[in-house]
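Chemist: Sequence:
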Amino acid sequence: MDYIIKLAFVLLIFIYSWFFQIQNQEWDMLRSMLKDANNIAVHDAAQELDETELTRGRLIIDPALAYDNFQHALQANLGLDNGLSPQVGSRFKNQVKIVKFDIVDDSDGVTFPLLYEDSEYGITKYIKGPSVIAVIETEHPLLISRAKTQEPIRVPAVQEYKFNK
535 MDYIIKLAFV LLIFIYSWFF QIQNQEWDML RSMLKDANNI AVHDAAQELD
585 ETELTRGRLI IDPALAYDNF QHALQANLGL DNGLSPQVGS RFKNQVKIVK
635 FDIVDDSDGV TFPLLYEDSE YGITKYIKGP SVIAVIETEH PLLISRAKTQ
685 EPIRVPAVQE YKFNK
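According to my numbering, the sequence shown is numbered sequentially starting from 535.
Hint data in this document are derived by calculation from the structure and do not stem from the laboratory. A virtual CB, placed ideally from N, CA and C, is assigned to each residue, including glycine. Among the hints, a few may not be true.
Said to hold, decoys possible - If you anchor each label on the Cβ, the simulated ranges turn out as follows: (1) Y695 to V622: 33 to 43 Å; (2) Q629 to M535: 44 to 54 Å; (3) V633 to L545: 38 to 48 Å; (4) F543 to P686: 49 to 59 Å; (5) R592 to F554: 20 to 30 Å; (6) D602 to Q629: 57 to 67 Å; (7) I538 to K631: 46 to 56 Å; (8) P647 to N558: 32 to 42 Å; (9) T589 to N558: 50 to 60 Å; (10) Q629 to L545: 32 to 42 Å; (11) G617 to R592: 41 to 51 Å; (12) R590 to S653: 30 to 40 Å; (13) D642 to Q684: 32 to 42 Å.
Said to hold, decoys possible - Below are the DSS-like pairs computed for lysine-lysine, each with C-alpha atoms no more than 30 Å apart in a straight line: (14) K696 to K634; (15) K540 to K659; (16) K540 to K634; (17) K659 to K634; (18) K540 to K569; (19) K659 to K569; (20) K696 to K662; (21) K659 to K631; (22) K569 to K627; (23) K631 to K662; (24) K631 to K540; (25) K631 to K569; (26) K540 to K662; (27) K627 to K662.
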């Protein structure tokens, strides 16, 4: 009887550890997918330059078009619908949220290089030219309920134009 109790305890520990490892792998994979999609999306957003200002030698990113391109790139790369909720077949189970979308360009009257700091999202970067900065997040995957609530998976991305001098 003693042997069966010990065996059951070891089996329980093994199964718990196994689920914990699967949950960590899922977190890793979702974070990697979010990071890649965010990098692509800020790149696409940074392509929306105001053509009339460009002829005057100023790099100004159109905010409305840039945000639309950003959101569309996220939808296409993560399998999301218009509300950024997962579609059937998407790896994600929860909605992806855009928690920050910022454009720093010549219309702001700043001079580059510029130290961009956002303590709320932990972004500190010297940007050398007009840039699009975005932070997206989704809920942490949950296979094992725990007393401690997991923070959401949050990833930043910065796309900048660098001037050749």
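Chemist: Now, for every hint given, state plainly whether the structure supports it.
Modeler: These are the hints, each one checked on the structure:
Evaluation of the 33 to 43 Å hint for Y695 and V622 yields a pass: the beta carbon distance comes to about 38 Å. The hinted window of 44 to 54 Å between Q629 and M535 holds, with their beta carbons roughly 50 Å apart. Taking the beta carbon of each, V633 and L545 are about 41 Å apart, inside 38 to 48 Å as hinted. As the Cβ distance of F543 to P686 is approximately 34 Å, the hint placing it in 49 to 59 Å is violated.
For the pair R592 and F554, the beta carbons lie near 52 Å from each other, so the given range of 20 to 30 Å is not met. Taking 57 to 67 Å as the suggested C-beta distance range, the pair D602 and Q629 does not conform, at roughly 19 Å. A hinted range of 46 to 56 Å holds for the C-beta pair I538 and K631, which are about 48 Å apart. Distance hint for P647 and N558: a CB-CB separation of about 38 Å, consistent with the stated range 32 to 42 Å.
A beta carbon spacing of about 51 Å between T589 and N558 agrees with the range 50 to 60 Å that was offered as a hint. For the pair Q629 and L545, the supplied restraint of 32 to 42 Å holds, since their beta-carbon distance comes to about 37 Å. Look at G617 against R592: about 35 Å separates their beta carbons, and that is not inside 41 to 51 Å. Between R590 and S653, the C-beta spacing of about 35 Å keeps the proposed range 30 to 40 Å intact.
The given range of 32 to 42 Å is respected by D642 and Q684, whose C-beta atoms sit roughly 36 Å from each other. Taking the CA atoms of K696 and K634, the gap is about 22 Å. The hint holds against a cut of 30 Å. Note on K540 and K659: the hinted pairing is violated, with a Cα-Cα distance of about 54 Å set against a maximum of 30 Å. The suggested pairing of K540 with K634 is violated, with an alpha-carbon distance near 51 Å, which exceeds 30 Å.
With a C-alpha separation of about 16 Å, the suggested pairing of K659 with K634 holds against the 30 Å cut-off. For the given pair, K540 sits about 43 Å from K569 by alpha-carbon distance, which is inconsistent with the 30 Å threshold. For the hint pairing K659 with K569, the CA-to-CA distance comes to about 17 Å; that is within 30 Å, so the pair holds. Our distance criterion of 30 Å between C-alpha atoms is met by K696 and K662, whose separation comes to about 5 Å.
Restraint check for K659 and K631: satisfied, since their Cα atoms lie roughly 23 Å apart, inside the 30 Å limit. With a C-alpha separation of about 17 Å, the suggested pairing of K569 with K627 holds against the 30 Å cut-off. About 28 Å separates the Cα atoms of K631 and K662, which keeps this hinted pair within 30 Å; it holds. Between K631 and K540 the alpha-carbon distance is near 46 Å, which puts this suggested pair outside the 30 Å criterion.
Straight-line distance between C-alpha atoms of K631 and K569 comes to about 13 Å, which keeps the hinted pair within the 30 Å bound. Proximity of K540 to K662 is assessed by CA-CA distance (about 62 Å); at most 30 Å being required, the pair is judged violated. Proposed proximity of K627 and K662 is contradicted: the alpha carbons are some 37 Å apart, above 30 Å.
When the structure is compared with the earlier hints, violations turn up for hints 4, 5, 6, 11, 15, 16, 18, 24, 26 and 27 and for no others.
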